[in-house]
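Residue numbers (numbering that gives the first Met the number 0), protein chains in the order written: chain E, 0 to 240; chain P, 0 to 240; chain R, 0 to 240; chain D, 0 to 240; chain B, 0 to 240; chain Y, 0 to 240; chain G, 0 to 240; chain Z, 0 to 240.
Mixed in with the good hints there might be a few duds.
What the hints assert, rightly or not - If you anchor each label on the Cβ, the simulated ranges turn out as follows:
1) Z:Asp188 to B:Asp16: 48 to 54 Å
2) G:Leu185 to Z:Tyr13: 35 to 41 Å
3) G:Thr51 to Y:Gly126: 38 to 44 Å
4) Y:Glu226 to B:Leu83: 40 to 46 Å
5) Y:Tyr13 to E:Asn170: 51 to 57 Å
6) Z:Asp15 to P:Asp224: 34 to 40 Å
7) E:Leu83 to Y:Glu226: 46 to 52 Å
8) D:Lys187 to E:Leu83: 31 to 37 Å
9) G:Asp132 to B:Gln169: 32 to 38 Å
10) G:Thr51 to Z:Tyr13: 31 to 37 Å
Said to hold, decoys possible - Negatives, chain D to chain E, calculated, CB over 10 Å:
11) Asn49
12) Asn108
13) Gly127
14) Leu133
15) Phe138
16) Thr140
17) Lys187
The set of hints was computed from the structure by calculation and includes no laboratory data. Where is the CB? At the ideal position from N, CA and C, for every residue including glycine.
Number of protein chains: 8
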Amino acid sequence: MSRKVIGITSGFYYVDDDIFRDHKITGICQDYIHAITRAKALPIAIPTFNSTEEDIDEYINIIDMLILSGGEDVSPEFYSEDRLQKLGRTNYLRDTHELLLIEKAIENNIPILGICRGMQLINSYFGGTLYQDLSYVPFETIEHIQKERPEVPTQIANFDKDTFLGNYFQNEVLINTFHHQVINTLAKDFVAVAHTNDGIIEAIEHSYLPIYGIQWHPEMMAEKDNEIMQSFFNYIFNSLS
Amino acid sequence: MSRKVIGITSGFYYVDDDIFRDHKITGICQDYIHAITRAKALPIAIPTFNSTEEDIDEYINIIDMLILSGGEDVSPEFYSEDRLQKLGRTNYLRDTHELLLIEKAIENNIPILGICRGMQLINSYFGGTLYQDLSYVPFETIEHIQKERPEVPTQIANFDKDTFLGNYFQNEVLINTFHHQVINTLAKDFVAVAHTNDGIIEAIEHSYLPIYGIQWHPEMMAEKDNEIMQSFFNYIFNSLS
Amino acid sequence: MSRKVIGITSGFYYVDDDIFRDHKITGICQDYIHAITRAKALPIAIPTFNSTEEDIDEYINIIDMLILSGGEDVSPEFYSEDRLQKLGRTNYLRDTHELLLIEKAIENNIPILGICRGMQLINSYFGGTLYQDLSYVPFETIEHIQKERPEVPTQIANFDKDTFLGNYFQNEVLINTFHHQVINTLAKDFVAVAHTNDGIIEAIEHSYLPIYGIQWHPEMMAEKDNEIMQSFFNYIFNSLS
Amino acid sequence: MSRKVIGITSGFYYVDDDIFRDHKITGICQDYIHAITRAKALPIAIPTFNSTEEDIDEYINIIDMLILSGGEDVSPEFYSEDRLQKLGRTNYLRDTHELLLIEKAIENNIPILGICRGMQLINSYFGGTLYQDLSYVPFETIEHIQKERPEVPTQIANFDKDTFLGNYFQNEVLINTFHHQVINTLAKDFVAVAHTNDGIIEAIEHSYLPIYGIQWHPEMMAEKDNEIMQSFFNYIFNSLS
Amino acid sequence: MSRKVIGITSGFYYVDDDIFRDHKITGICQDYIHAITRAKALPIAIPTFNSTEEDIDEYINIIDMLILSGGEDVSPEFYSEDRLQKLGRTNYLRDTHELLLIEKAIENNIPILGICRGMQLINSYFGGTLYQDLSYVPFETIEHIQKERPEVPTQIANFDKDTFLGNYFQNEVLINTFHHQVINTLAKDFVAVAHTNDGIIEAIEHSYLPIYGIQWHPEMMAEKDNEIMQSFFNYIFNSLS
Amino acid sequence: MSRKVIGITSGFYYVDDDIFRDHKITGICQDYIHAITRAKALPIAIPTFNSTEEDIDEYINIIDMLILSGGEDVSPEFYSEDRLQKLGRTNYLRDTHELLLIEKAIENNIPILGICRGMQLINSYFGGTLYQDLSYVPFETIEHIQKERPEVPTQIANFDKDTFLGNYFQNEVLINTFHHQVINTLAKDFVAVAHTNDGIIEAIEHSYLPIYGIQWHPEMMAEKDNEIMQSFFNYIFNSLS
Amino acid sequence: MSRKVIGITSGFYYVDDDIFRDHKITGICQDYIHAITRAKALPIAIPTFNSTEEDIDEYINIIDMLILSGGEDVSPEFYSEDRLQKLGRTNYLRDTHELLLIEKAIENNIPILGICRGMQLINSYFGGTLYQDLSYVPFETIEHIQKERPEVPTQIANFDKDTFLGNYFQNEVLINTFHHQVINTLAKDFVAVAHTNDGIIEAIEHSYLPIYGIQWHPEMMAEKDNEIMQSFFNYIFNSLS
Amino acid sequence: MSRKVIGITSGFYYVDDDIFRDHKITGICQDYIHAITRAKALPIAIPTFNSTEEDIDEYINIIDMLILSGGEDVSPEFYSEDRLQKLGRTNYLRDTHELLLIEKAIENNIPILGICRGMQLINSYFGGTLYQDLSYVPFETIEHIQKERPEVPTQIANFDKDTFLGNYFQNEVLINTFHHQVINTLAKDFVAVAHTNDGIIEAIEHSYLPIYGIQWHPEMMAEKDNEIMQSFFNYIFNSLS
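With the hints as extra help, turn the sequences into a complete structure.
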């Protein structure tokens with residue numbers, strides 16, 4: 000096959016209908032699909048379900064890269080904390096499914112990109128921790144759930160240029176922001192390669208494995224013709240062997 | 000790989016949120032995923048987008064079977080009729096994407112199962128037509144959008160036993176029903192293998208290709224432990240070479 | 000025990016809450032409870048669930064009378080008809096549960112009172128049929144879903160005085176009305192003991208068993224101090240041995 | 000009778016309909032019914048109404064065990080406190096009805112299990128007090144209204160093994176959590192047999208009477224196939240003489 | 000007192016609030032109040048309740064004129080018809096209260112003006128009948144529930160000039176329209192003094208008593224500066240002795 | 000006339016309808032009407048509008064007592080304070096109208112009863128002040144917007160027996176509570192005759208004029224058969240000369 | 000000035016907010032603005048208000064072309080018909096304002112383009128009539144309110160090539176459709192230059208004045224990159240002297 | 000032309016409709032239009048879009064004055080601050096469009112009036128800053144989002160009489176208030192000409208250019224017949240050369 004196959008994880012949605020009220024939808028934001036197809040790769044939506052190791056092995060077998068999409072908060076059990084009062088909605092079933100995907104992807108040398116929740120899950124998998132809500136951060140922070148259209152950048156991410164992600168984004172890049180949780184302790188073997196002005200980590204990468212995490216939503220900016228964000232997907236996919 | 004890879008098509012959903020109002024969700028009912036995984040096959044959700052032949056070739060390359068899932072009415076342009084007043088919601092983008100999937104699946108000998116809208120699309124692809132609404136059917140019909148829980152059967156489908164589908168379902172089987180359109184003229188080379196008592200076509204199959212269509216939703220019945228409907232998926236997947 | 004124990008059947012309700020969306024409520028209108036307790040009897044709400052004969056035997060063992068409360072349409076399967084287009088919401092699970100209750104109540108000589116849906120279910124159990132919607136009635140009918148407060152009577156029921164129910168209600172009584180289905184063929188061994196002016200059956204009773212059905216809602220009128228309707232419950236309970 | 004009869008208390012619900020707006024529903028979550036019937040006991044829903052001692056005597060006469068279900072906050076009048084600003088919705092009518100049930104159950108040696116609000120009511124009946132809202136607890140607490148599906152455990156309850164409940168749950172058990180009030184002073188003659196890590200009481204039992212309270216919702220976990228929680232109901236019912 | 004006291008009848012409204020759901024509001028459209036006060040008369044809102052003759056005598060004692068305001072359909076019992084399927088919302092309590100007001104007003108020579116429902120009630124009191132819905136009218140009718148702002152006239156009422164009302168409105172006047180019921184047989188001793196082009200009665204008056212009825216809503220037009228409609232109220236009030 | 004005429008003030012309500020969206024309803028809670036009529040007095044609803052002195056003189060001329068009903072916050076301009084951030088919804092038009100009613104009632108020796116907002120308005124008229132929100136009270140307060148059904152008392156009001164109101168209520172009485180504002184400085188010539196345990200003023204009366212204010216809602220308790228609260232209205236009306 | 004100034008008419012919208020409920024928004028669909036600006040012309044939104052001839056003269060003075068945008072039904076008074084029962088929402092104020100704009104535009108030789116309602120208003124201005132609803136058309140019609148995304152064409156308009164509009168659209172063009180009214184008698188001096196297959200008029204133009212009307216919404220198709228529809232605006236604007 | 004042409008800026012609105020969900024409305028509150036037309040000037044609504052310098056030049060060419068209307072918060076990027084947590088909804092596209100309008104208006108000597116957001120944008124353009132929310136103001140403030148009808152004044156603005164605006168409003172004027180942001184540092188060359196009692200800036204003007212800003216909404220007060228506010232528009236327009 001000529002196109003890279005990109006496996007992307009899904010969340011749950013509901014329809015407002017009395018008869019179908021307990022039949023949920025598994026889906027993802029169409030913006031991811033467009034970002035991937037515009038970059039000439041092939042998107043495969045991996046549904047979230049009570050998966051087994053065998054299921055996961057098969058998915059990993061098919062894909063060239065794994066994208067962990069945005070969504071609910073990571074269940075704090077996965078970074079060994081009690082749940083605090085300002086924790087948001089969690090999805091334990093999705094956590095276990097996606098952590099298994101991470102594990103198998105690593106075993107099979109499949110690169111991983113985590114977006115928003117995806118980055119937070121990667122950090123948790125490798126032993127890092129999260130602040131369960133921005134209000135728990137012990138220093139002053141700026142707005143991280145923007146009340147602007149999603150394609151409009153509202154912050155600057157300052158990058159360390161000597162990194163895989165920094166090589167692309169250079170010194171700084173304008174980003175959007177939609178999260179109420181942030182990284183607290185960075186996972187072992189990871190480098191924080193970008194921060195906002197208030198010190199929040201905006202991007203991470205593993206020191207020697209092809210595992211990347213970004214806290215903002217480039218696919219929503221790409222959807223509305225932001226070329227830097229669209230080309231980021233091309234850059235990532237071109238790096239795949 | 001040991002598991003059959005089942006490509007399943009998706010629809011669009013929206014979230015109620017002013018800021019994200021024009022960012023749609025591509026997704027499918029989780030019941031399909033469960034029906035497939037319980038049958039020990041691997042579900043791949045194929046997103047709906049403005050796809051090219053190359054995209055479709057790649058999907059067909061990966062999958063062992065194509066399931067066309069339920070959803071909007073087929074655009075009457077595809078069976079050469081004007082749109083009538085009682086036509087329901089259509090999704091032209093999805094139609095063109097899925098018709099291309101059908102075309103390429105046939106070219107590559109990939110079996111196809113159409114469910115509800117899926118069966119109607121297959122019939123349209125092969126030159127058949129639909130009644131745009133039950134009220135246009137020139138004979139008396141019974142209720143075809145049931146106001147019961149989706150797992151409860153409310154009709155009998157009478158099968159012709161000497162067919163692939165009839166071989167499984169035998170003479171008759173209890174089914175659910177959620178559609179306002181039905182087949183009018185059956186496509187060339189297709190056989191109507193099941194009907195309800197009022198004469199509505201409930202299942203079709205191609206005379207020599209592995210292409211099947213059923214009008215009801217077995218996956219919703221399987222979701223609530225209906226064994227006949229769950230085993231139907233196993234039966235279909237076991238038939239894959 | 001000095002008080003009569005009245006078993007009353009329940010329906011399903013839902014709460015508007017994303018997290019609890021598939022956890023349903025089993026409940027009944029409080030008006031029944033008040034009508035029963037004001038008549039110095041003891042109300043026992045029998046939940047609707049996937050019951051077994053053993054469960055039902057136990058309930059019958061405890062109660063002195065069975066009240067079948069109002070609710071969804073009876074599934075036409077139980078009177079051997081196909082479902083027609085204007086059929087309303089059905090609840091097959093509840094039908095099977097309540098039909099078992101009827102069967103066991105009869106076996107154990109427990110009197111039965113059916114209200115609205117309850118009367119229609121009794122008629123179906125004994126072989127009668129229903130018009131699936133008022134519009135299927137072949138003669139002119141008046142309003143049977145009133146758009147008035149439920150305690151206000153909007154019709155006259157004309158009774159045959161020489162019956163158990165007519166003995167109480169005498170020649171005529173003012174009633175409320177909230178139904179879209181009506182009896183078509185009366186069940187064998189039943190007598191239609193009351194009609195509205197348009198000829199719709201408003202009350203039935205078995206020729207020799209203590210089984211009664213009324214089409215209106217006396218408990219809603221009793222709730223707002225209608226003495227005829229409240230005393231009807233006293234009359235019924237006093238008739239219990 | 001061979002099956003144990005379990006009386007379970009009810010709450011109030013409303014339907015969205017202008018004409019029926021002041022006709023309330025008395026009901027309970029179906030999960031309790033399923034937990035009880037899977038344990039081969041017989042559920043009797045006891046409606047909430049303005050009951051008299053005679054009504055209550057009759058209910059107690061019928062049942063083998065009383066389950067006090069979840070619901071509104073206990074009215075602080077019943078533990079001799081003024082109502083504070085963060086008190087939640089209360090239901091005084093239900094409080095008086097259920098306190099009478101407790102009183103009569105004790106008089107007649109009927110065992111009692113209180114769940115969530117039920118445990119809090121038991122504690123109030125016996126002279127204990129509640130914190131009217133988690134924010135009034137004078138030490139740091141974790142999340143006690145989980146934003147996860149109800150069947151997913153989000154906390155550990157640490158049990159004292161030398162107790163009736165601890166004998167079943169052993170040292171620790173994973174629980175769900177949906178409450179904003181907690182026990183402040185434990186009632187006389189009661190033992191706190193389980194706590195979460197932050198010190199909140201999760202289970203109590205009387206020193207010599209068969210009266211048990213648990214703060215979480217085992218019936219919601221049992222509903223989704225949690226065997227420890229389902230078997231807890233079997234364990235309790237088996238203990239009934 | 001120098002100002003005429005105008006008693007005006009009220010309807011019921013509800014507030015969306017769980018706690019106050021069964022506490023209704025008694026009220027009337029503020030436009031009536033403004034029309035009356037601009038005409039230098041004094042508006043007295045007469046609440047709708049389960050009134051006695053003594054209550055009504057007192058109200059009649061205070062007022063110089065009675066205005067019967069718009070609202071629900073008249074209960075067909077008051078013109079000796081069964082309720083038909085397209086009858087709208089009724090308010091029996093309000094009917095009996097207002098019919099008593101009419102009776103006492105006549106006894107005490109208090110003039111009456113009926114607006115919309117008010118005119119229909121007057122016609123019923125005096126033995127006339129209504130078409131329960133426009134669709135029951137045996138000839139073709141135009142739109143009578145306008146989908147325009149209420150102050151915009153959408154019809155012409157053609158008046159008989161030799162009448163009290165025609166003396167004011169002259170040959171024709173532009174009116175608004177918001178009703179689904181119309182007069183069928185006119186009450187004895189009444190004259191139909193205005194019609195729309197399709198033959199619907201738009202105004203009536205008694206042959207010798209000061210009792211007037213109009214089918215449209217002059218107060219809504221007066222509210223938005225329609226001088227003909229505002230002066231109509233001045234004309235009526237000036238006619239009071 | 001034999002019955003006392005009670006003038007009661009009104010608020011504004013809206014209907015959900017695009018065409019009538021700017022036509023408001025003037026109305027009051029039906030509970031007041033019932034409390035007055037059960038006490039054999041005659042309720043006259045005084046609409047709120049841009050009234051003149053002449054309008055008010057006429058109303059005062061008709062009535063034997065003025066009841067100022069509950070509703071929005073008093074505009075702080077009337078007690079010479081700036082509006083603070085937690086001030087609630089105000090209704091300046093209603094304030095000016097009702098203050099004129101107070102002024103004219105006093106001039107004409109018409110007794111006044113203020114309920115909730117009514118008491119707060121009386122206090123403002125006579126020069127007293129309010130805390131614009133409970134959170135501005137400089138001492139600890141209990142819940143004053145109860146989350147219980149309105150007829151259920153949730154507090155004790157402790158009365159000074161040597162007063163007009165205390166003569167009726169005696170030492171203490173159980174009350175409901177639905178307000179977020181409370182009296183700060185009591186108006187000149189007024190006596191605070193009742194308090195809750197936290198020190199909030201629950202009733203006031205003028206030292207020598209027949210002007211009374213109570214902070215709770217007796218009419219809502221009377222509506223559900225609370226005899227103390229119903230008889231309070233009889234007591235007040237009997238005191239009228 | 001180098002750019003053509005395009006005056007475009009507006010409709011009314013409301014915001015859901017109790018305080019601002021009677022403050023309306025005057026606005027138009029942004030798609031018109033984009034279609035105009037992409038064609039390098041300058042859009043001027045002309046608000047709808049109770050305008051005078053002088054206001055209208057000034058607007059006409061500024062603009063090079065008038066676009067009458069889509070919206071409510073034309074009030075039938077303007078084509079001398081009574082309002083029929085299936086007439087939709089009208090806006091009389093907007094009609095009078097826009098008819099004045101048409102009159103003055105013609106007087107000043109300003110070209111006019113009417114879209115949907117705009118075309119219907121032009122036809123009414125010049126003496127033509129409309130079918131007030133599709134169901135009044137005396138022949139069979141197809142779907143004219145499409146249930147597809149607005150940018151997707153669902154019909155073919157067949158053009159007469161020897162006309163100004165046909166010169167651009169050629170023989171046939173794919174169009175969308177969102178209207179329930181259609182032209183009945185064409186206005187004098189107008190030519191119907193396009194029809195759908197069922198015979199409905201889709202475009203008109205004046206025989207010698209630069210006045211054009213189209214029944215569909217080209218601006219919505221242009222918004223989603225339909226080049227034929229975008230270039231139509233360029234074609235029109237280029238024709239302006 | 001004899002009338003002054005007033006260009007007024009617009010915001011975005013949405014309609015609740017699945018099919019049109021991503022087609023937005025560009026509009027403004029009708030009150031501005033009425034205030035302008037009553038002052039005998041001509042309102043031109045300038046749509047918000049992704050405008051170029053050429054577009055803006057053309058608009059400036061047409062208008063005699065620019066009014067910047069109310070709306071979202073100014074994006075803090077335009078006064079060089081990070082976005083803080085309590086920032087409200089922003090509209091970056093509108094900011095850039097309107098800042099360009101300001102720039103070109105100044106270049107062409109077109110006077111500017113900023114209302115609410117408009118004043119805040121002017122201050123930002125000239126280098127001033129805003130408090131992103133009232134809670135960030137370091138001194139005590141009063142209510143600035145009134146919960147009263149918009150035409151009712153709830154504050155006093157104290158003016159400096161020796162200014163253009165003070166010349167009109169004199170020492171003090173009663174104003175309404177609907178904003179959660181306020182000026183922090185005043186822009187260079189601007190004078191704060193009015194304050195509320197808590198020290199918040201309510202009006203500004205440039206020292207030598209015809210640029211004015213007011214924080215409240217005079218057009219909403221003018222809409223309901225406030226003459227001071229209506230005449231303010233006449234005063235401003237009369238000052239235009």
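Which numbered hints fail: Checked against the structure, the hints that fail are numbers 3, 14, 16, while the rest are satisfied.
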